[in-house]
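Q: Letter by letter, the sequence shown follows residues 1 to 346 of full-length UniProt numbering.
Check the hints yourself; a few may be wrong.
Unchecked claim - Computed list of lysine-lysine pairs in DSSO-like fashion (alpha-carbon distance at most 30 Å, straight line): (1) Lys150 <-> Lys263; (2) Lys6 <-> Lys58; (3) Lys226 <-> Lys58.
These are computed hints drawn from the structure, not numbers from a lab.
Computed from a predicted model, the values in this text were never measured in an experiment.
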Amino acid sequence: MNPQAKLIFALSLTLGTTLTISSNHWIMAWTGLEINTLAILPLISKSHHPRAIEAATKYFLVQAAASTLVLFSSMTNAWHTGQWDITQLSHPTSCLILTVALAMKLGLVPFHFWFPEVLQGSSLIVGLLLSTLMKFPPITLLYLTSPSLKPSVLMTMAILSTALGGWMGLNQTQTRKILAFSSISHLGWMAIIIAYSPKLALLNFYLYTLMTAAVFLSLNSIKALKLSTLMTTWTKAPSLNAILLLTLLSLAGLPPLTGFLPKWLIIQELTKQEVALAATIIALLSLLGLFFYLRLAYCATITLPPHTTNHMKQWYNNKPTNTMVAVLTTMSLMLLPISHIILAVV
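Please model the complete structure; the sequences and the hints are all you need to start from.
A: And the structure:
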């Protein structure tokens, strides 16, 4: 793909995201979502591999259906209330349809089926965009409409997402699919808290973006698409591999790493809101996620392949680590001690 085309698609993604997150009117928000969808499709299908074309087709169909539902929800609300303002969503049917539409956009259970397949058909960098930047506009719409949405529906979706994300990630051998199920699991944590404390859900999203970007860029540096490849990368970039272990544990939410902060605050807030049972269930379900992060970490740093002679060793890479990877990894590990400053800012 030539640089001019890449620049146009990057600018379109920026424009679409900015348009959605800054608009008050439903039609403008919908336009931003459409621009985003159309800009990411060529990036998914640029390799012309059948799997990439399949991923782009699935992504287009799901996002088109979700955008239609967003438009239908807003029109139903406008028909009954005369309001096109995003924050004035009050009609019960519109609220339910919008919840379904945003769940499809984000990949929340039971509308998650497209996400692992699309991520598997994309490159790691496009996978990073799909897991972070493309989720920002729907999360913003969820944030703006959160007072109108039913907490019980969101909580059910959240617990199912955390359970399914953890459960289905257990048996995967492809790093992109593992990160897709990790994303579904993290979205469950955001969905459960958004009705009670929308700012906390946004904080969770920012920190999730930070840690996921660090993992995706690290895997992209060592070109690891499968667990078997990950097992032999210790010869290529030993220091990056060692740090990847800690970044994965941060993504799992282990103290004293950054990933522990949102989980701790969410459980605390849920307990304050007297839904301690939901807090207990979601905390226990996150152990499933911890298992597959430990498996990834184990493959990356602790194990050697069973028959080392049959595996192609990768050449030691003497190039310095990308500055972006270094900064993101450091932030993914060390933000917990300054949590009071982060909370004051948010």
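Q: Please go over all the hints and tell whether each is borne out by the structure.
A: Each hint tested on the structure:
no. : hint              : in the structure
1   : Lys150 <-> Lys263 : 22 Å, holds
2   : Lys6 <-> Lys58    : 22 Å, holds
3   : Lys226 <-> Lys58  : 23 Å, holds
Checked against the numbered hints given earlier, this structure breaks none of them.
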